[in-house]
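Protein chains: 2
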Amino acid sequence: MTSEATPRVVIVGAGFGGLNAAQALANAPVRITVIDQKNFHTFQPLLYQVATAGLSPGEIAAPIRSILRSHKNIEVLMAEVTGFDLDQRRVETAEGSIPYDYLIVAAGASHAYFGHDDWEPYAPGLKTIEDALEIRRRVLLAFELAERHAAGGETAMPLNFVVVGGGPTGVELAGTLAEISRHALAHEFRSIDPARTHILLIEGGPRVLATYAEDLSRSAQEQLNHLGVEVRTSTTVTCIEPGAVYAGDTRMPATVVLWAAGVAASPLGKKLGAAVDRAGRVLVQPDLTVPGHPEVFVIGDLAALKDEQGKMLPGVAPVAIQQGRFVAKVIREEVESHAKAGARAPFHYWDKGSLATIGRAAAVAEFGRIHISGFIAWLSWLFVHILFLIGFRNRLLVFIQWAWSYVTYERGARLITGSTYLPGWTGDQPSSAAASEHPPQEIHTGPAK
Amino acid sequence: MTSEATPRVVIVGAGFGGLNAAQALANAPVRITVIDQKNFHTFQPLLYQVATAGLSPGEIAAPIRSILRSHKNIEVLMAEVTGFDLDQRRVETAEGSIPYDYLIVAAGASHAYFGHDDWEPYAPGLKTIEDALEIRRRVLLAFELAERHAAGGETAMPLNFVVVGGGPTGVELAGTLAEISRHALAHEFRSIDPARTHILLIEGGPRVLATYAEDLSRSAQEQLNHLGVEVRTSTTVTCIEPGAVYAGDTRMPATVVLWAAGVAASPLGKKLGAAVDRAGRVLVQPDLTVPGHPEVFVIGDLAALKDEQGKMLPGVAPVAIQQGRFVAKVIREEVESHAKAGARAPFHYWDKGSLATIGRAAAVAEFGRIHISGFIAWLSWLFVHILFLIGFRNRLLVFIQWAWSYVTYERGARLITGSTYLPGWTGDQPSSAAASEHPPQEIHTGPAK
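Chains as they are written, first to last, in numbering that gives the first Met the number 0: chain A, 0 to 448; chain B, 0 to 448.
FYI, nobody ran anything at the bench for these hints, they're computed from the structure.
None of these values were measured; they are calculated from a predicted model.
Warning: the hint list may mix true and false statements.
Unchecked claim - Reference listing, derived: stretches of chain B covered by chain A, where coverage requires no fewer than 3 residues with Cβ under 8 Å from a Cβ of chain A:
| id | region |
| --- | --- |
| 1 | 147 to 158 |
| 2 | 185 to 194 |
| 3 | 312 to 325 |
| 4 | 410 to 417 |
Said to hold, decoys possible - Here chain B is said to cover these stretches of chain A; the calculated rule only asks that three of the stretch's residues, wherever they fall, bring their Cβ under 8 Å from a Cβ of chain B:
| id | region |
| --- | --- |
| 5 | 74 to 82 |
| 6 | 179 to 190 |
| 7 | 346 to 354 |
| 8 | 396 to 403 |
Glycine residues also receive a C-beta, built at the ideal position from the N, C-alpha and C atoms.
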């Protein structure tokens, strides 16, 4: 099994693509090393629930080791990949290089600010557990600071949440923020009224959920409005500063800004030496390999590939999962038949349909010509996402949390951990300093009159 | 209700003491303001479970607002108290001062390093959710770094976990760390054997769990040994540096050091101007008031009071809870009878018994003359602690997590978030830099031979 003859497969990244490739290669006559910067796999479709205090990180993440524990031919390393040597067939890490016979790069994508990285401190994105916790911290902290401010006798500051980007993530965030402010927090404050929180969703294009059919985009926007979200389409953000977002000369006050506008592929893509597109995704061959390197595969959000209709495959989990399994199959067949990489069948994406959630009982679903909106779409979204969660334990916990929130309107994980500094709060100052701009004065306790 | 005539009660701190005082005063003819630095109440008895990846923060914490939501005469402020003006009867915060007619200070305690605060970066304590997450990060990271190191062809570094302090927290941590390394992680690594982790518990006194009867201390030590923990009593730590703990000339190698040795009361105690003991606890009157200020109460870990036998009341939840209710009763009676603070009955602590858990199916319980050890004690511990968790949702989630871990030996929340730097790992350097001390070399993949 571990003899030198056994081909070595190195998989970089344990997201949907890498994990599915590894599992599909378990028990194949290969030795597999899975490398990831984190020790856990994140179920990204539910990340927005962590950001909005509905779920805890531990409920949407699972240790990579646990997931792959039973496969003795798989080794997991928590390490950062620094580069590749395609000629020597080695993956480079800070601790040394790892040789491979087959390489699968599934390093995924992160959020991008279109050359405005200076916006990041004021507008966090949502790609990792840490991102989600930072967003949760800012959102919950804003309400606490507003209550404290109002209790200080000031006229309550208006709470303005701005979400930049009308894709699935932006729509999820805006819808859920509305839900929280109107329901979960409704009766818990004495000096402010959370229901008066203003939530603004800004989309550069003409409609939200642009990858969906037009009728579903319309429906999504209506459902957002119904939840209490103001949607501005065809609006391009030109500047973000503490406390405000600008579209040209239009200034939009923002207590908290969330970034859901752009993604950029992992920088590891460029390090493969192949051509990449504007988003940094590797332009792969139909068999998902790097041109000239049939032993090097790129899958998931890091790969750029068009389908039969010439339409770019979307950066969604089903694509990554199917690509992971496709690559595993290719490798397994070649290893078992001892055939050199010959003519390979091209990867074909089987589109089972798309689901996007908007908020409580609000979602859209597109299954070919069948378009569904509202409660039914939301139920299907929920069912699919709980079903695909890794680990029965997580499925059970998430189901309970969901049922609990649905019945009680409560959010299970409303913890403010870490610093109590909020960039957009009364200028760019620490929360405590902010309020002490006013000379200390009496704080009127008791319910607001 | 909110007329100026209504007496104002300000409660500082929403731990067991403050929360129970607030709840016992709900619907009394008073206006209550609860002030806490955090927006959530932490169920401290289960904090060690978060530190050892058994539970997620959201499962042992609940937003203070949610807990008190239904009581309209209670207002919650997330703010930092900076001091008191006992003459003007005001609580000072960075945002201004808050007037009170009655003040209840329940600011609790934190861990102390006996004048060695320089040890803190190398030996985190366990008092807050943030502390627990930092401990979890270090413990899990140590195993990952060891695996990576061993995969690099080095002889596997021995993993040494040192817990300083043999009180309930130290015993819980040591026992659970043993459980994790022997079971939860047992089959998940390829190059190291987690079961060979060495766990050392150091206690300065002659026995662990010193507040318990001697036979239970003996039993606890036996149960620790049985779980695989080495216990060294009558050993005083004289120095902690990255990678090692010293007792005099004895050097004990330590990959991770956890501090469970000392507690110090909140600095707010001193700011009340009353006499404090060595641990900074306020020496209160039998009615829990500050001498000369019958309207100022100090309860919980911040208060120093002897029982009828002249024995200092322990810093445990039941004491804080009973004190909170006692103070609420005193205030309610005086307010309702419009009587000035006259002769008050002294606080009497009703000791229902003590429980300390050690690990899986291991615990000790002391109910007066009845002493129990092992599985039955552990079951009672579990029952009591799940029962007293705030919120049905948390009880349900924690019960599921517990049952899950018990059956599968798995730990639900094994996430390494934040930095990947581990002090004490091959000197005081970032993990990646550490390994690259050796010139980059081949990493042998596949199971260790």
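Going through the hints against the structure:
1. Three residues within the 8 Å Cβ limit are the bar, and the region 147 to 158 of chain B against chain A gives 4, so the coverage statement holds.
2. With 5 residues bearing a CB less than 8 Å from a CB of chain A, the region 185 to 194 of chain B meets the requirement of three and the coverage assertion stands.
3. With 0 residues bearing a CB less than 8 Å from a CB of chain A, the region 312 to 325 of chain B misses the requirement of three and the coverage assertion fails.
4. Coverage of the region 410 to 417 of chain B by chain A holds [criterion: at least 3 residues with CB-CB distance below 8 Å; count 7].
5. Residues of the region 74 to 82 of chain A with a Cβ under 8 Å from some Cβ of chain B number 6, which satisfies the need for three, so the listed coverage holds.
6. For a cut-off of 8 Å, the count of residues in the region 179 to 190 of chain A with a CB near a CB of chain B stands at 6, and the three-residue condition holds.
7. Counting residues of the region 346 to 354 of chain A whose C-beta sits closer than 8 Å to any C-beta of chain B gives 0, which falls short of three, so the coverage hint is violated.
8. Residues of the region 396 to 403 of chain A lying with their CB closer than 8 Å to a CB of chain B number 4, which satisfies the three-residue condition for coverage.
Hint compliance for this structure: hints 3, 7 are not met, and every other hint is.
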